[in-house]
Amino acid sequence: MLFNINILTIISFPLFNSVISGPVNCTPAGTYNIENNTVTEYLGIPYAKPPIGDLRFMPPQGLSEFKTNETFNATIPARTCPQIIPPNIFPYNFSGFSIWYPPKNISEDCLQLNIWQPNKTTGGVLVMIHGGAYYSLSASLDLFNGSVLAAVARAVVVTINYRIGVLGFARWKDGKNITGNMGLLDQQMALKWINKNIHLFGGNNKSITLIGEHAGSSSAVAHLFAKNSSDLFSGIITASGTLENIWATQRNEYIENATMLLAQNLSCTDTEEEKVLKCLQNISNPMAFINSTLMLRGKMAPPFGFPFAITHNDGNFFERNISDMSVENDMKKNFSIMLGDTGNEGSFFLYNYFRTYGCTINFTNVEDPSHQCLINNTVFENITHIITKMLGKDEEWQNEINEVYDHIHKDKFRNILSKIMSDLLFDCGLKRFAEQIVNTTSNKVYYYIYNYTSSLNPWPRWMGAVHASSMETVFGYPYRYPNIYNKTFNETDKNISYNIMKIYGNFASGTFPYSELYEYNKTSKNVGVLDQTLTGPFPKYYINDSYTQKCDLFSPYIIKPEINTTTPEK
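Per mature numbering (1 follows the signal peptide of the UniProt record, and there is no 0): the sequence shown = residues -21 to -1, 1 to 549.
In case anyone wonders, no lab produced these hints; they're calculated from the structure.
These numbers come from a predicted model, not from an experiment.
Treat the hints loosely; a few may be bogus.
Cut-off 27 Å, straight-line C-alpha distance, at most; resulting in silico cross-link-like pairs (BS3-like, lysine-lysine) [stated by the list, open to error]:
id	residue 1	residue 2
1	Lys398	Lys504
2	Lys466	Lys481
3	Lys175	Lys99
4	Lys28	Lys155
Kindly produce the complete structure, drawing on both the sequences and the hints.
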């Protein structure tokens, strides 16, 4: 396949001929020539008023109308919303972490988006909602550069920023002054802007697909349950996240408590709620909120619950409690969805949360045999005891967990524990949501497992296809940076990436060339495997997978997690 990337000269030209909400004439950041398809890049386009001052913690406000003779300089990437920038969180000069470091152009004025417009397009639109556990990442992360995806998928690619952390997901008491889910409302505002204007970039607003990873995926699914989002998109492709996951939502009182503790940390302690809000809005440095959030980390228990996440019942984005809406299938009626995650989601979290039990990595030699998380039975039982306490369960439940999972890899406790974490955090919620859709709607569901590790993979081999690793191929990283890949395997890396981008493009355009044989439905639990066997825009083989006995153990924690919000002692 012909595939060259050339960055051409930056040019300026008027883009719009009508009055719209937002920039009218745009100066593009540049153009790319990719696979005989020219892609024009527009960066940092605002879609809402800056959420600063009196607009902090408030729902987003639409922009004033621009006149046709105004020009917007769309050459600077969307600003990074306030957050702690690694390596403060991950203090390692290690590519497995550094690929996720967002640009440091931090500003509270960050409600902006980036657009990649291919010259040859089907009209499909892919809108990327970034992940990051609701507290990190950015639409302008280099990994999310949409130029290659736009060219290969022949779809307009849009990446959007939204408020994250306390600024995007705080909630005050009964929600009167701070409702919660402001970040979701930001996403909704961005989708409204896209619906109104995407035709000017060659896109069809009837063919908008939401894509996301981790919290970006759960956010995309949240729009299925928001009445004001229903007409703004036609499909979803998830990667490692749905609302059914244990970490994806939080009870109102949980977030209200976190917000109250944070306000106290910031000396906003007046008895009158309006004065507390005004105190919080008057804080001049938004990073003060982020620094205070770090003080809450010891009081909360990630990965099973983040201090600030999607709240169940805000009465604004969600009309009713999301738990009730999910049970009653009160969601968007007509949509297509492709659900999936990686083959070994849990391995990344073993390292992140159980380092003190021997799950360490030597970052100068990841295959160091003394750092391979080779745990024994005693350590395994200690860790399952921690998980049991976090979930508020008893010894009987822990024994059942040990018994149910024991047959997976006899005496290979690392693999068993990784599977437990995968099921608890991702797989079971994903399977349950897939079952819910196929059993209660007539919508088409496709299900995949991403099980490919590229030659760039920096993690130990035992970790397999780790959490979020699919984004590398979805956004054409092997084409953008071929020189950093192993030359022996680079063509395979490129081919896998190319075919996955084609899958995304076909889905977005509505030309998905799959028959019922490839669907996940009531009779066939077909799960397509995306691995080194992928030679075209469809999986080479499928496995049969569905909700299992193991998942029944975790079902009480799906959608409404009643978890221990303090980190238990070892």
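27 Å limit on alpha-carbon distance, applied to hinted pair lysine 28 and lysine 155: holds (22 Å)
Straight-line alpha-carbon gap lysine 398 to lysine 504, limit 27 Å: Holds, because 20 Å separates the two Cα atoms, which is no more than 27 Å.
Is the hinted pair lysine 466 and lysine 481 satisfied, with a Cα-Cα distance of at most 27 Å? Holds. Lysine 466 to lysine 481 sits at ~23 Å (cutoff 27 Å).
Is lysine 175 within 27 Å of lysine 99, Cα to Cα? Distance of about 21 Å is within 27 Å: holds.
The structure agrees with every numbered hint stated previously.
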